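Please model the entire structure based on the sequences and the hints provided.
Under my numbering, the first residue of the sequence shown is numbered 1, with each subsequent residue one higher.
Please note that the accuracy of each hint is not assured.
As the list claims (entries may be wrong) - Straight-line distance between alpha carbons at most 25 angstroms, and here's what the computed DMTMM-like set of lysine to aspartate or glutamate pairs gives:
(1) Lys237 with Glu261
(2) Lys237 with Asp281
(3) Lys302 with Asp292
(4) Lys274 with Asp322
(5) Lys274 with Glu306
(6) Lys302 with Asp339
(7) Lys342 with Glu358
(8) Lys342 with Glu301
(9) Lys342 with Asp292
(10) Lys302 with Glu332
(11) Lys342 with Glu306
Calculated directly from the structure, the hints in this document are not laboratory data.
Computed from a predicted structure; not experimentally measured.
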Amino acid sequence: MHPAPDTRPASQASLLFAREAALIAVIVLAIKLAWLVADHTLRVYMGDSMVYLQTAAWLSAAPGRSFLYGAVLHFSAMPLHTPIAIVIVQVLWSTLSTLGVFAFLRRALGLGFWLAAIPALALASDPAQVFFERMVMAETIGLLALVATVLAYSRYLFNGSLWWFLGACLCGLGAANFRTNLLPVVIGLGITVPLLRLLLQAPLADWRFRAQHLAAAMAMLLGSHLAYTHAYGYLNKCPPGYLALSGMMQVGLVAPLIRAEDFEGTGVSGDVLKQVQLPLDDHWQRGHHIWDERGLWRTIEKNSAEPEAVARVVTRRAMLRDFTGLLRINVETLGGYFDREKVYWRMQDDKGVIAPDEHALQRIQEWLRWDARGVDAIDTPARRYFAASTAWLTSCLFLLFPLAVATAAAGWRTSKRAQYCLLALVSMGLVASHVLFAHIVSFRYLHPLPWFVLANVAAIAGAFLPQRVSREARTGEGTPTP
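Next up, the structure:
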């Protein structure tokens, strides 16, 4: 039974929320500052970080990685020429993501202050968030872009404005640029969220408006993605797409499924598979087929003047021919999260124990005026904290989908069902994307999941626990502002 409606004006309630958000921001920043004092060591991850740093220094192309991440660093942290600047900038991004979960739970779902605050404060100290604030990787800003996407869709669900829908599409494209594995999620949201709003909130009798609204939303989604992919292709001098080296990356996903007939018409003989020195039928070798000289990608490079084009054709054919086979090996890969040896070695990579080579060290010295020699061997509090979090992150992966189902079911009986369903859709999409497209065990890939696990737990609790809510929470007037 809900308490009597609050008669306070909306402006007063908005002011109260602003004060609450400011309080949470102060506490979160205090947590982040404590971690900065304890550990301000910048980390680099294999060759990926060097691509990002090169883009940040020179604004050069990054055909296999996010250009946008390097560009943001170029205009924010790089002018200071110090590693701590990158850490501080990423801490601020992480703080905004943390405030995003508070805003979504408090305003969009209308939860009580503590039900919204506790997940935010927990996220501020989450091992993956703390560690990747200190890593030259796009995980932190990628999560922020995804959170902005969710908040924009939340606003769209409230008022139906297509401007908010377009904003969500653009934020989603940013998220996909920062982290390509988020692309299926943002495309899925662009299709399902307008359907969700029309099904749950539009008048059933007004079918013409419903059809026109849906058509306009789909046109915006398609138009924004077409514009982005063509602009990306033009800037990177490659065919329109989301990633210039998508074929190379897809080799690592479907290598065990590729057959000789898949090379027909590509200018490369199917006999090229006989030159590959790594086992093609071992799905645990998929990552090596991208980076190892003995792998499939390097072999295609040696046999074609256009290896990327060949790889795109071959991998697409293999995936379409045997999608169930891809699903099978990906599900088997999930079992690696319970294999102690695989977990150990994967965490060694994820926490940055591979030393930069001499050329990389010279470049880092030039760009950041920092001698990074030996950083791979320094065991700091944030790295130890992250290394000890494998059980927590694995739990996030396997619990998120059932939690999302429970969120949708629990929220269905509330006036906020559209917002609950939005949270459930994003959460399910993240898990589905991981199952379908993650070719290795990687705790780095699980970085965004704690945000959504904590949000779902709070949402489920909020749907059942009696609480004091604001006028916005009960009338639907309060929604997050991205």
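Right, here's what the structure says about each hint:
1. Lys237 with Glu261: violated (29 angstroms)
2. Lys237 with Asp281: The hint is violated at about 34 angstroms.
3. Lys302 with Asp292: holds (13 angstroms)
4. Lys274 with Asp322: Since the Cα atoms of lysine 274 and aspartate 322 sit roughly 21 angstroms apart, the hinted pair holds (cutoff 25 angstroms).
5. Lys274 with Glu306: Holds: lysine 274 and glutamate 306 sit about 20 angstroms apart, inside 25 angstroms.
6. Lys302 with Asp339: Given pair lysine 302, aspartate 339 is violated - Cα atoms ~35 angstroms apart, limit 25 angstroms.
7. Lys342 with Glu358: violated (29 angstroms)
8. Lys342 with Glu301: Roughly 29 angstroms between the alpha carbons, so the hint for lysine 342 and glutamate 301 is violated.
9. Lys342 with Asp292: Holds. Lysine 342 to aspartate 292 sits at ~19 angstroms (cutoff 25 angstroms).
10. Lys302 with Glu332: Outside the cut-off at roughly 31 angstroms; violated.
11. Lys342 with Glu306: violated (35 angstroms)
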